[in-house]
Every structure is written in structure tokens, then in C-alpha cells.
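Knowing the structure of chain A, use the given hints to seat chain B on it.
As given, the protein sequences belong to chains A and B, one line each in that order. With the numbering used here applied, the first sequence corresponds to residues 35 to 354, in that order. With the numbering used here applied, the second sequence corresponds to residues 337 to 585, in that order.
It should be emphasised that the hints constitute simulated quantities derived from the structure, not laboratory data. Even for Gly, the Cβ is constructed at its ideal location relative to N, Cα and C. Check each hint, because a few of them may be wrong.
Here are the simulated SDA-like pairs of lysine to any residue, each with C-alpha atoms no more than 20 Å apart in a straight line [said to hold, decoys possible]:
#1 A:171 - B:348
#2 A:318 - A:267
#3 A:311 - B:577
#4 B:443 - B:546
#5 B:491 - A:214
On the chain B side, residues computed to face chain A include the following (Cβ under 7 Å) [said to hold, decoys possible]:
#6 350
#7 460
#8 478
#9 497
#10 530
#11 548
Okay, here's what each chain looks like letter by letter:
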Amino acid sequence: MSVLVYIENWNGKFKKSTCELVSYGKRLANGLGGSLTLLSIGRVAEDELKNLGAYGAGKILSAETDAPLDDKAYASLIASAAQNSGATLVVMAHNVTGKALAPRVAVRLNAGLVSAVNGLPVSYQPFVVSKKAFSGKSLMQAEITSDIKVITLSQNTAGIETFAGNAAVETMDASAVTSGINVLSTEVQTGKILLSEADVVVSGGRGMRSADNWKPLEELAGVLGAATACSRPVSDEGWRPHHEHVGQTGKVVAPNLYFALGISGAIQHLAGISSSKVIVAVNKDPEAPIFSAADYGIVGDLQTVLPKMTEAFRKLKASS
Amino acid sequence: MNILVCISNVPDTTTRIKYSADMKSVDYSGVQWIINPWDELALTRAIELKEANPALVQKITVITAGGADAEPTLRKALACGADDAIRVDAAGGDSLFTATQLAHAVKGEPFDVILCGIESSDYNGSAVGGMLAELLDYNSVSAVSSLNLEGNSVKVTREIDGGKQSIETSAPVVLIVQKGIAINPRIPSMRGIMTARTKPLKVVAAAAAAPGSKVVGYQAPPQKSACKMIDPENMDELVHLLHTEARVI
Chain A
35 MSVLVYIENW
45 NGKFKKSTCE
55 LVSYGKRLAN
65 GLGGSLTLLS
75 IGRVAEDELK
85 NLGAYGAGKI
95 LSAETDAPLD
105 DKAYASLIAS
115 AAQNSGATLV
125 VMAHNVTGKA
135 LAPRVAVRLN
145 AGLVSAVNGL
155 PVSYQPFVVS
165 KKAFSGKSLM
175 QAEITSDIKV
185 ITLSQNTAGI
195 ETFAGNAAVE
205 TMDASAVTSG
215 INVLSTEVQT
225 GKILLSEADV
235 VVSGGRGMRS
245 ADNWKPLEEL
255 AGVLGAATAC
265 SRPVSDEGWR
275 PHHEHVGQTG
285 KVVAPNLYFA
295 LGISGAIQHL
305 AGISSSKVIV
315 AVNKDPEAPI
325 FSAADYGIVG
335 DLQTVLPKMT
345 EAFRKLKASS
Chain B
337 MNILVCISNV
347 PDTTTRIKYS
357 ADMKSVDYSG
367 VQWIINPWDE
377 LALTRAIELK
387 EANPALVQKI
397 TVITAGGADA
407 EPTLRKALAC
417 GADDAIRVDA
427 AGGDSLFTAT
437 QLAHAVKGEP
447 FDVILCGIES
457 SDYNGSAVGG
467 MLAELLDYNS
477 VSAVSSLNLE
487 GNSVKVTREI
497 DGGKQSIETS
507 APVVLIVQKG
517 IAINPRIPSM
527 RGIMTARTKP
537 LKVVAAAAAA
547 PGSKVVGYQA
557 PPQKSACKMI
567 DPENMDELVH
577 LLHTEARVI
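Here chain A stands alone, though its shape is the one from the complex (with noise of 0.2 Å):
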């Protein structure tokens, strides 16, 4: 029973969530007691591939191309990668990229999927995982029954463990790879921590009141090294970019603290956040739903607040 995990490159380089993917990967080829191999499409240097090793990476195939995320065509080389290697799960993020591609790869292998799972399996034998269901509503258990399985991994849910051992690098063979579109533009943010991959997030909501009310919480952010969110409301006002929205509909965050600032918790709203370590809640309406969800609270206006809480973590971070 040896694991397959696809590893995501952004211009040749992992991030945190890599090394919890391939470290998560491990630790199934441990509990099914088989081997771990990585599959890295694109172009990443050796050195960074290696790094891995520290995660419990043992052979890491590299198919080098400069053919851009195509579905089909990245969904074919995985499932040839888990036909190669003997593969009995294949396992990648449960990010944009994992749910373009998983759906494919499991149809290729005539494979059951369960997405968004939480952690280690519940059970090995049978294949048992665990996933939140009804946007966070409920939590599901799941058994895999066919042969070969496919999983899709909720980031921050398994957590990063090391392991000794060195990763050998082995070239996969990418030539084949075509693409059925055409990359017109590409724009990406620079300079801005990713929601997807932060371990703060300071959100706003209409109890901000105003697009030009977000400097003391863009300032709070700046302290904690977060990134910003907002709520529905916000994002359809144009008070802040649509890719900001946090909940049902836009997206599901799991850091290990969210602030929710002027936010009334709406069941939409907290199934986008309700993977959060720990929420602290500022709302001036004391029955607000939010309180409900957090785990830290606080009654009072948010323009005499914010600032004060600012201050509060700036001397934290100026002694320690």
C-alpha cells in the first residue's frame, strides 16, 4: 500500500502547507506500511525538492514542464505517476488546484474520492476519514471502498512533523503534456500575505461601517504579519476585493487565529471560518451570533477598540 502525494509548486517553490501535505503523507504510508512518493510538476530546483526530506519525502519524481495548470493534462500525469509507482492513494491539498485536479485523477483511477478530509484516517483497514459536511454543520465519516483511493487534504488539520531521512530525485518524462487552453494573463498579488496560507486573519465586516474605515484594521494586520478578510456584505458593497470574502460562498479559511471585527456571524459567514484554532469577536451588539463562535469576546465600538487592541499587540511584539 504505497501513497502518492502531488506537490504544488509556486514558481519552483513550496510553502508551509507543502510540508504538511507531504509530512501528512508520511505518516499514511507509515499507518498503511508502504513507501511515500511526491510527484512535482513544473519546474522546481533540486534543492528545493530535497528539502523535503525533512517531511519524511523519500522519492520525489520530478516531471519538469512549462506547460501551465491544465487540468486534464496535470490530472493524466498524476494518475500515470500512481500507476508507476504502485500508488494505492494518491493525496493532494484541498486547495484550488486539488479540486481542479483530484476529480480527474480518481475518474483516471476508477478511484473513490472524499475531499476536504480532516487529518489522519480514522481507521486504515477499512479506509475510514473524517470530513465536515453541511459547510461545517456536521462532521462525516467516510469509507473509501474501491482498490485505489483518492484524497484531498484540509489545510492546517494534520499538522507538520519531521522525519530523518534523505529524498532522491527522479526525472519524470512530461513531453507528453499538451494543453487544452491558453493562458492569456496572469496577475498576482505581490507583497501581501495569502489568506490561504496565513496563520492570522483580521476580518472586517459592515460593523466597520465604511471602505474608508479599514486603515486601523489594515494596521492591526501589519502587526500580527496577517492577512486581511472581509464578510459578504463587504465584498458586494465593493468595500473590499471579492477574493477577500471569507464564508459559504467564498472562501473557507482555517487559521490558527481569526479576528472577526464588526461581523454578526451569520451561519454563511462561520461555515467559511468555523476551522479557525481560535476567533476573537469585537461587536458592538452583545446578542451578536458571532460571540456564539468564538472563543474570545468583546462588547464595544470598534473605532475606539481596534486601535487600543493595535497598541496592545505592538508591545508584545516589541518584547518578545
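Relative to the frame of chain A, chain B by itself:
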């Protein structure tokens, strides 16, 4: 050009989830059913494109896999502006089962653009769209947040981690769409509701298909401990608690 919109029939977002006594299944009694929110946005965009250029977009079809109890949701999609509907008579099963049913009904039919929401609000699987594309051997683009059609060319914006890409592809294609594809979902008009009653709704028999996974059981999510309230004048206490008690900063 013909557009197919895949519809998942899901409990209303505000539904409190109840379970059977043995916690092995969800108790759906009394549930209000809706078009999955992402599928509703996909349908809205399809209708906008047809209204903008009826010569280019000839027909919008909606499809679901489910029992007869899913038909009111299909009728709602027809009331919003879809032209006809297909129900594959196959309830239950996992994403692989559902995708196989849809592919069976769609294979050989002249659909140029197939739209699927990026996830359903019940099992949050994000799987059926990609599986359908693979089963049909079509190209797919996921996380699509804008769509325009020009002749046979399909122009989309795809969200990527921390940014976006502008992409051109060609029909036939499966597009897996997310927020941004349309802003406000279309609400059926009274006239739409009246005409929906007589629009064609075809029922297709289920295909033989094996699921790849099954639900073992459910649990209510762990209860959060009570929220600790902090004096707004004492932000040092908040910082202290986050640092020493929660240990998150």
C-alpha cells in the same frame, strides 16, 4: 451554442442538520430544498449570456441526478430562465456515482459548455464537475469567476492562489464556477414560474454505476466552550490570554 448547467438539490443553507437515531444518516424531514448556491450562480450567468446574445446561446438545459423529489428544484431553475431540464433517476451515491449518472445522460448530446458549481453545500465535495469532464474526456477549467463567449471561443477568468488568470479555451468544455461568475442569483418572476410548468422535463433512467465511497456515520461538531468576554478597556488581557492561554501568538 448549447449550455448545460448541472444542478445539485441541497437543503437550504439555514437548515439545522438532524440525524437518524443511529447517526448513520441525515434526517431530511421538514427540510426546504434549494438550488445549490454555486449552481444558482452558474445558471444566472448562463441566462445572462443567452439574454445578451440569443443568436449565440440557443438553449440552456439544466440537469440533476436524483429522485422525483428533486423536480421542484429543477422547475425553479426552469422558472429562472432555463429552457428544458433532465432528471437522471438516480438518488444517493457518492460524487463518482453522481458524475457517472450525469455523464451517461449527457454523452453524445450537443452541449458545448457545461457549467458546474465548485462545490455543493451539503457534502462540500468539489468533485462532480471534474469527474464529469474526465468521464466525457472534455477539457475543464476550475475556479472560474468570469465567463464570456465569442463564437466558439470560451474566455474565462480562473482564480489561482493569490491571483487570477485570463484563459481562452474552446468548446466543448466543462467550467467549474465559483463566486464572481454572477453576483446576484436570478429570482424567478411570476411569469417565469407559470411558464416553467409547461417546459420540457425529461427523465432518464439511471446507469449501472458503483460508488467509490460510502458514508459510515455522522457526528455533531464539537461544542465550542463558552466565549470568554473581555473588558474593551483591557486589551492587554486579550493579548495576555492569546499569548499564554490559547498560545496562538
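Hints, verified against the model:
1. For the proposed pair residue 171 of chain A and residue 348 of chain B, the alpha carbon gap of about 12 Å is at most 20 Å, so the pair holds.
2. For the proposed pair residue 318 of chain A and residue 267 of chain A, the alpha carbon gap of about 17 Å is at most 20 Å, so the pair holds.
3. With a C-alpha separation of about 14 Å, the suggested pair residue 311 of chain A and residue 577 of chain B falls inside the 20 Å cut-off, and the hint holds.
4. Proposed proximity of residue 443 of chain B and residue 546 of chain B is supported: the alpha carbons are some 18 Å apart, at most 20 Å.
5. The hinted pair formed by residue 491 of chain B and residue 214 of chain A meets the criterion: a straight-line CA distance of about 13 Å does not exceed 20 Å.
6. The restraint placing residue 350 of chain B at the interface with chain A holds, with a minimum CB-CB distance near 6 Å, inside the 7 Å limit.
7. Among the interface hints, the one on residue 460 of chain B holds; its C-beta lies about 6 Å from the nearest C-beta in chain A, closer than the 7 Å criterion.
8. About 3 Å separates the beta-carbon of residue 478 of chain B from the nearest beta-carbon of chain A, less than 7 Å, and the hint is met.
9. The beta carbon of residue 497 of chain B comes within 6 Å of a beta carbon in chain A, closer than 7 Å, and the hint placing it at the interface holds.
10. Contact between residue 530 of chain B and chain A, as hinted, is not supported at the beta carbon level, the nearest pair being about 30 Å apart and thus beyond 7 Å.
11. This hint holds: residue 548 of chain B has a C-beta 2 Å from the nearest C-beta of chain A, less than the 7 Å allowed.
In summary, the one numbered hint that this structure violates is 10.
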